[in-house]
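**Q** So you can see what is in the structure, the chains are spelled out below.
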Amino acid sequence: MTAFVLKRLGFAVITLFAVLTIVFFIVRILPGDPAMAILGDQASQEALVALRARLGLDQPLYVQYVQFLGGVIVGDWGVSMVSGRPVIQEILKVLPATLELTIVSLILGAAVGIPLGVWSAVRRNKLPDYITRMASLLGLSFPAFVSAVLLLLVFAIQLRWFPVISSGQGTTLGERLRDLALPAINLGLIMAAYITRVARSAMLEVLNQDYVRTAYAKGLAFATIIWRHCLRNAMIPVVTVVGLYLGILIGNSVLTEIVFNRPGLGKLIIGALNQRDYTMLQGMMVIYTLIVVLVNLLTDLTYGLIDPRIKYS
Amino acid sequence: MTQATTASLSRAAYLRSALAATGSGLLRAFNANKTSWVGLGVFLIVAALAILAPWIAPYDPLDQNILFRLKPPSAEHWFGTDYYGRDTLSRILWGARISLAIGLLAIGSAMVLGTLIGMIAGYYGGRTDIIIMQIMDVLLAFPSLILGLIVVAMLGPSIANLVIAIALTAIPPFARIARAPTIAVKNREFIEAGRALGYSDTRLMFGHILPNIAPEILVMGSLWLATAIRVEASLAFIGLGVAPPTATWGGMIREGFENILDSFWLALFPSIAILIVVFALNLLGDGLRDAIDPRLRGEE
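Heads up: the sequence lines are chains A and C, in that order.
Take 1 as the starting number for the first sequence in my numbering and just add one per residue.
Take 1 as the starting number for the second sequence in my numbering and just add one per residue.
No lab work stands behind these hints, which were simulated from the structure alone.
Any given hint could turn out to be false.
Chain A residues, not near chain C, derived (Cβ > 10 angstroms throughout) [to be verified]:
#1 Met36
#2 Arg85
#3 Lys126
#4 Gln209
#5 Thr214
#6 Pro263
Using 25 angstroms as the maximum straight-line C-alpha spacing, the simulated DMTMM-like pairs for lysine to aspartate or glutamate come out as follows [as the list claims (entries may be wrong)]:
#7 Lys267(A) with Glu258(C)
#8 Lys7(A) with Asp129(C)
#9 Lys34(C) with Asp129(A)
Covered stretches of chain C, going by a simulated chain A footprint (3 or more residues, C-beta under 8 angstroms) [unchecked claim]:
#10 149 to 161
#11 273 to 286
In this text the structure is predicted, and so the values were computed from the model without any measurement.
Note that beta-carbon positions come from the ideal geometry of N, C-alpha and C, so glycine has one too.
In isolation and in its complexed conformation, chain A is listed as follows (with noise of 0.2 angstroms):
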């Protein structure tokens, strides 16, 4: 298991070196000159030069990447452009929120999808199946922002039952809840149509083998072959997936974000990506990744938990 562990930690650990690598060059060749982005194009030659000083931007690039990787480890990640507060304290300021966001969707996409995709399956090739298919693939085929909007128009503007802006500022539960219920609602629908396809397909291969048939023959009731003997193991295939679809998540919250107006990591850096601020687009990618690899390992490990037989070695 420690063996296990490591070995992927090292995985994520040369993942995220080369992304870091990635991010480190694709903020380098961005368009235009930082210091002017700041300063504006009407600034002085000199307080070009000594912002370019300021922000590291005059050393050699393998001085600037150096320091770079280095800031990451200890947690410096710079100076936010735009604000002059530090990127890791303005990222931190909001990443609560889009955690809130992604977690409860995952929540939801799972407690709709599993049992559906469960449903389907056992009702295989007649009605309950097919509409459940059609629905998931529609559920799908929805860009995060179209079903955002239509969330929006129906519930929000013309009910009136939840509030169109989702400041995500509320003191009390309640009013967490309503700040939260639309945007989790759209992103979880989305989230259960993947998961009701993968527990579907995941689920007709467990209901094929042979243990399954003695569990019958045995006399055991459904509810318990269905429950207890095939959902545990169907649920491998679901947590990979999840673990995959995770970067859907990410770009489905940002949308989800914009069009409730939710603060949140997807808000931070459409306003950076509009403001050129360099420092934190960079922080941005650097925390983007950071979370698809943690969430990858954590993926990894998972299956151990749910399956007993799987071995780390």
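Dock chain C against chain A, hints included.
**A** The following block gives chain C in isolation, referenced to the frame of chain A:
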């Protein structure tokens, strides 16, 4: 007959048989899952409408008419008009051209490059394989919308740059899809025989391995075309699409979103348009994939 003519004749024969194999594989898949025909039919109708836009669109998509701003759907303007009095239906028809062109170009190039990269990794194996796939895994680690967003922001929003950004995010999945069957096929007897006959690696890869993996790649292509259209619309919605006043579906929803309280149809109709195309392509690709690989039934 000279040797060169024989060689070119046999190459043509190879190409014919390769195309026939791919075609019959796809046809079998189509017939095994009828919903694929529905998906293909709807997609072809949308493609035809996009191609015919200059002739069938009732108005010029850029023609502004301030007197007719924000008009709801009516007999003159079936889908209403936008903030500048432009006809929404005409803009949707013209917008389809942009969505489809960017999607097809991006996925076409990702398919070619990704397949090539995957085949090289799978065919040569060893260190080449490890290095190539490691790079692909790093690219895959990045959320595609975020990668697209950064590339477009870096290069500037134009059709060519959107194609590059979307293609870049789609190359790794194609490389993965092409690599696995290449490894499976490369040790089969017919490839061994080819090698014994002194065929070059290029000839073996393109003449013999590619036809075997082509149906799978094309199916994957239809699913990724759906993703590409969704990503293009998302980027346009964020404000990183083809610059206004050119009509794009994502851009139209963005403009409609600004007037959503009083003119909901502005966001609604382009939303439905995107949904129809993406759903049709998913229906097409999903059905074909089920037929080609029953193990993947119902899996994204």
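**Q** Against each hint, give a clear statement of whether it holds in the structure.
**A** For each hint, the structure was consulted:
A cut-off of 10 angstroms between C-beta atoms confirms that Met36(A) is not in contact with chain C; the least separation is 17 angstroms. No beta-carbon of chain C is positioned within 10 angstroms of the beta-carbon of Arg85(A); the least distance is around 22 angstroms. Residue-level check passed: Lys126(A) sits 14 angstroms from the nearest beta carbon of chain C, beyond 10 angstroms. At roughly 14 angstroms, the least C-beta separation between Gln209(A) and chain C is larger than 10 angstroms, which holds for a residue marked as non-interface.
Against chain C, the non-interface label of Thr214(A) holds: every CB pair exceeds 10 angstroms, the least being about 23 angstroms. With a minimum CB-CB distance of about 17 angstroms to chain C, Pro263(A) clears the 10 angstroms threshold, and the non-interface call stands. In summary, the hint linking Lys267(A) to Glu258(C) is supported, as the alpha carbons are separated by about 17 angstroms, within the 25 angstroms threshold. The suggested pairing of Lys7(A) with Asp129(C) holds, with an alpha-carbon distance near 20 angstroms, which does not exceed 25 angstroms.
Simply put, Lys34(C) and Asp129(A) have alpha-carbon atoms about 16 angstroms apart, close enough for the 25 angstroms limit, and the pair holds. Counting residues of the segment 149 to 161 of chain C whose C-beta sits closer than 8 angstroms to any C-beta of chain A gives 5, which meets the bar of three, so the coverage hint holds. Closer than 8 angstroms: that is the beta-carbon criterion, and the segment 273 to 286 of chain C has 7 residues meeting it against chain A, so the requirement of 3 holds.
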